[in-house]
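Note that my numbering has the sequence shown beginning at 82, numbered continuously upward.
Note that these hints are calculated values from the structure, not bench results.
C-beta atoms are modelled at their ideal positions from N, C-alpha and C, and glycine is treated no differently.
One thing to keep in mind: the hints can contain errors.
What the hints assert, rightly or not - Each computed EDC-like pair below joins lysine to aspartate or glutamate, with the alpha-carbon atoms no more than 16 angstroms apart: (1) Lys128 - Asp142; (2) Lys194 - Glu157; (3) Lys198 - Glu149; (4) Lys198 - Glu150; (5) Lys156 - Asp196; (6) Lys212 - Asp141; (7) Lys198 - Glu157; (8) Lys212 - Glu157; (9) Lys193 - Glu157; (10) Lys156 - Glu191.
Unchecked claim - Cβ pair distances, simulated, as ranges: (11) Tyr107 - Lys212: 27 to 37 angstroms; (12) Gly145 - Ile199: 18 to 28 angstroms; (13) Leu151 - Lys92: 19 to 29 angstroms.
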Amino acid sequence: MAGKKKQHQEKLLVHVLRIRIDQQTYQRLQQLVSTSDCRSACAVARKIITGARINVFHHDDTMGPVMEELSRIRKEIRSIGININQQTHHFHGSKSSSEKWFYANRTLQEYKKTDQKIDRLLSIVNQLAKKWLSKSEPEKR
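Put together the whole structure using the sequences plus the hints.
The following block contains the structure:
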């Protein structure tokens, strides 16, 4: 009969350690639990004791409207791309040159719409780059 697979004995968490902490320390641990990848105060304490990395997540509420606008621009560019693909399909399916000119002009109008959207997109990205790069530049002494 096959039993349980043996794990590395030195990596098993077999020793129990119980400690008491004050309210302020407990609140700091709970704050880390709410903003990190740890699921409990015990996990945070274990990572602190062992010196393991604690990933803390930061949520910037000011980015909400910007992200909504970027998402909207993405959807609009995608729908314009779909329209261009449809126009191209009709262009290749048309027999007369007047129909081809018609579809070519409509496709050109769709491309002009993308220029406006991409200009707006680049403007937003430039503003974000200025904001992020100003935070990441080292202080000059």
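Each hint tested on the structure:
Using a Cα cut-off of 16 angstroms, the hinted pair Lys128 and Asp142 is violated, with the two alpha carbons roughly 28 angstroms apart. Between Lys194 and Glu157 the CA atoms are separated by roughly 9 angstroms; this keeps the pair inside 16 angstroms, and the hint holds. About 14 angstroms separates the Cα atoms of Lys198 and Glu149, which keeps this hinted pair within 16 angstroms; it holds. A distance of roughly 11 angstroms separates the Cα atoms of Lys198 and Glu150; the hinted pair therefore holds under the 16 angstroms criterion.
Distance restraint check for Lys156 and Asp196: the Cα-Cα separation of roughly 15 angstroms lies within the 16 angstroms cut-off, and the hinted pair is therefore satisfied. Between Lys212 and Asp141, the direct Cα distance comes to roughly 13 angstroms. Compliance with the 16 angstroms bound is thereby established for this hinted pair. Between Lys198 and Glu157, the direct Cα distance comes to roughly 8 angstroms. Compliance with the 16 angstroms bound is thereby established for this hinted pair. For the proposed pair Lys212 and Glu157, the alpha carbon gap of about 25 angstroms is over 16 angstroms, so the pair is violated.
Pair hint Lys193 plus Glu157 holds up; C-alpha atoms about 13 angstroms apart against a cutoff of 16 angstroms. This hinted pair checks out: Lys156 and Glu191 have alpha carbons roughly 14 angstroms apart, not beyond 16 angstroms. For Tyr107 and Lys212, the hinted distance range of 27 to 37 angstroms is satisfied, since their beta carbons lie about 36 angstroms from each other. Under the hint 18 to 28 angstroms, the C-beta atoms of Gly145 and Ile199, about 23 angstroms apart, fit the expected range.
Take Leu151 and Lys92: their Cβ atoms lie about 43 angstroms apart, and the range 19 to 29 angstroms is violated.
Hint compliance for this structure: hints 1, 8 and 13 are broken, all remaining hints hold.
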